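Colleague: Quick mapping for you: the protein sequence lines, in order, are chains L and G.
What the first sequence shows, in numbering that gives the first Met the number 0, is residues 0 to 163, in sequence order.
What the second sequence shows, in numbering that gives the first Met the number 0, is residues 0 to 417, in sequence order.
There's no promise every hint is true.
Ranges of calculated distance between the beta carbons of each label pair, as one might list FRET restraints [what the hints assert, rightly or not]:
hint : chain 1 : residue 1 : chain 2 : residue 2 : range
1    : G       : G86       : L       : E113      : 48 to 54 Å
2    : G       : R252      : L       : D150      : 30 to 36 Å
3    : L       : S43       : G       : R252      : 44 to 50 Å
4    : G       : I21       : L       : E134      : 27 to 33 Å
5    : G       : M77       : L       : G51       : 31 to 37 Å
6    : L       : E155      : G       : R84       : 21 to 27 Å
7    : L       : K5        : G       : R84       : 44 to 50 Å
8    : L       : G132      : G       : A70       : 45 to 51 Å
9    : G       : G15       : L       : E106      : 34 to 40 Å
10   : L       : K50       : G       : D80       : 31 to 37 Å
Just so you know, these hints were derived from the structure itself, not from any lab.
Note that this is a predicted model, so its numbers are computed, not measured.
Beta carbons: idealized from backbone N, C-alpha and C, even for Gly.
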Amino acid sequence: MKFEGKVYRFGNDVDTDAIIPARYLNTSDPEHLGKHCMEDADPSFASKVRKGDIIVAGKNFGCGSSREHAPIAIKACGVSCVIASSFARIFFRNSFNMGLPIFESDEASAEIKEGDTVEVDAASGLIRDLTTGREYRARPIPPFMQELIADGGLMEHIRKTGGI
Amino acid sequence: MTIAEKILAAHTDADGIAPGDIIKVRVDVALANDITAPIAIREFEAAGANLADPDMVVFVLDHFTPNKDIASANQCKMVRDFASRCGVRNFFDGGEAGVEHALLPEKGLVGPGDLIIGADSHTCTYGALGAFATGVGSTDLAAAMLTASAWMKVPESMKFVFKGKLNPWVGGKDLILYLIGKIGVDGGLYRVLEIEGPAIEKLDVSNRLTISNMAIEAGAKAGIIKADDKTLDYVKGRARRPYTVFESDPGARYASVTEFDCADIELQVAFPHLPENAKGISEVGEVRIDQVIIGSCTNGRIEDLREAARVMKGQKVSKGVRCIVMPATPEIYLQAENEGLVKTFLEAGAIMGPPTCGPCLGGHMGILAKGERAVATTNRNFVGRMGDTASEVYLAGPPVAAASAVTGKISSPEEVES
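Chain L with its partners taken away, still in its complex shape (with noise of 0.2 Å):
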């Protein structure tokens, strides 16, 4: 699985209510979650966003609440994965969980540009800046999480194997 796009960036600590706030939260429609998608960092964010492009921030993407509304959102409004220095726990979870690929590189979160056009491989876990030439590698993936995703999802896996 590869992704390519363009790189929008945003800083550390990247909070819940960033990503989706909780006033949108009445309602967990993928449609209408994406459309308001990072809207408190940056408003135009989800009117600008073409499918495929990519996050890149710096550490603890992600945290604050536990809504899952929050990788819905990103997912809906086009993005392909979003690469950090570090996400907090319960994104990481939710994100393998609902099918967001999320990678983890201290040098791609601090070299990429906003702007560049960016290639990831999902399986090898490399990034390649296509702008700059540079390439880097993303920390693998617990065996366990690969196997989620290979199962398409926490549910599909249970679905798989009756259990988790």
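Following the hints, put chain G in place on chain L, whose structure we already have.
Modeller: Relative to the frame of chain L, chain G by itself:
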């Protein structure tokens, strides 16, 4: 082994667990609210199976309730209908509902040694009772509804020891804000905070719940305080299931051990827009405010209301400030009424609100306009958390919140004349 490792070991069939292992664990309680349950129910129903155990599922309609609008009313109705259809008895709605993390300990649904997951990040609150409790997403919750189990990565633990005597008015909120100020909002990422020491032993259960509640604000998976006599006094007569007290072994391994001297800890205020921006009250300066919120899963218990009332008794809320007091559960509300606290708040000019998460997450019942500032006893002060993106939230404990309501600026209770 640490407490966290022992509780996980007691809930898994895996042998010899160690930090970093991914294990399957049995879950004692699976909790969701009116925001997170609808997604979990949809996922669960798509799987087309039965609840593994209806009695381990707990639903509390507390976030956008009393129903904020049509959309939130529909979400509540969906959960209500599901609970009724599937025989979920631990369903709390209307006058039985309170802020979930104040309600579950009060109802004895969580206790020492339990493994609890909740589709709400502040599920870590129950760590104060010596349980392993952590927030998950709705899909994890749906999986637990189906299988009564979850996958967990065994976390490392960080030990924090609070020594010495607490300064006047300083409570659990100040200790945890101080801690988060020291380690940062990702200082405990993927780890367990194990909190102990002579100062913690002296704290009542309510103040301990406040500490564990905010473990997630340091990025932690859980915030555990070992159960002692105070804990057992609290759970006695409430617990609905047998409980087990675990203690860390003397040789348990920690990622770090940090000691704090409580003599160094004054009343804390976390400045916008992260809980790690904690400052001592003496460093705050002149910060005028428009609103005060006293309540939430962090500080909405009877002990919190007593402290706030002690400051506000015979005082008036400053002209132009809206002070909203929300007892976290119906039982706490009734107790506050019986103790005369409600009268104190109303006579001071405060607004009494229903038990709800409401303004804490900018849901309803206390939203801030552009440029407005609030002091809140809640747990998050992110951009836009309580309203407009150009509003500000300052986090503090009940004594500072109540004093600030009276003076109209962020104040220590000592600044309020009695």
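Colleague: Are the hints correct? Go through all of them and say.
Modeller: Now for the hints, and whether the structure bears them out:
1. G:G86 x L:E113: 48 to 54 Å: holds (52 Å)
2. G:R252 x L:D150: 30 to 36 Å: holds (34 Å)
3. L:S43 x G:R252: 44 to 50 Å: Holds, at about 49 Å.
4. G:I21 x L:E134: 27 to 33 Å: Hint holds: Cβ distance 29 Å, inside 27 to 33 Å.
5. G:M77 x L:G51: 31 to 37 Å: holds (33 Å)
6. L:E155 x G:R84: 21 to 27 Å: holds (24 Å)
7. L:K5 x G:R84: 44 to 50 Å: holds (46 Å)
8. L:G132 x G:A70: 45 to 51 Å: holds (48 Å)
9. G:G15 x L:E106: 34 to 40 Å: holds (35 Å)
10. L:K50 x G:D80: 31 to 37 Å: The hint (31 to 37 Å, Cβ to Cβ) holds, given that L:K50 and G:D80 are roughly 36 Å apart.
Going down the numbered hints, you'll see the structure goes against none, and every one checks out.
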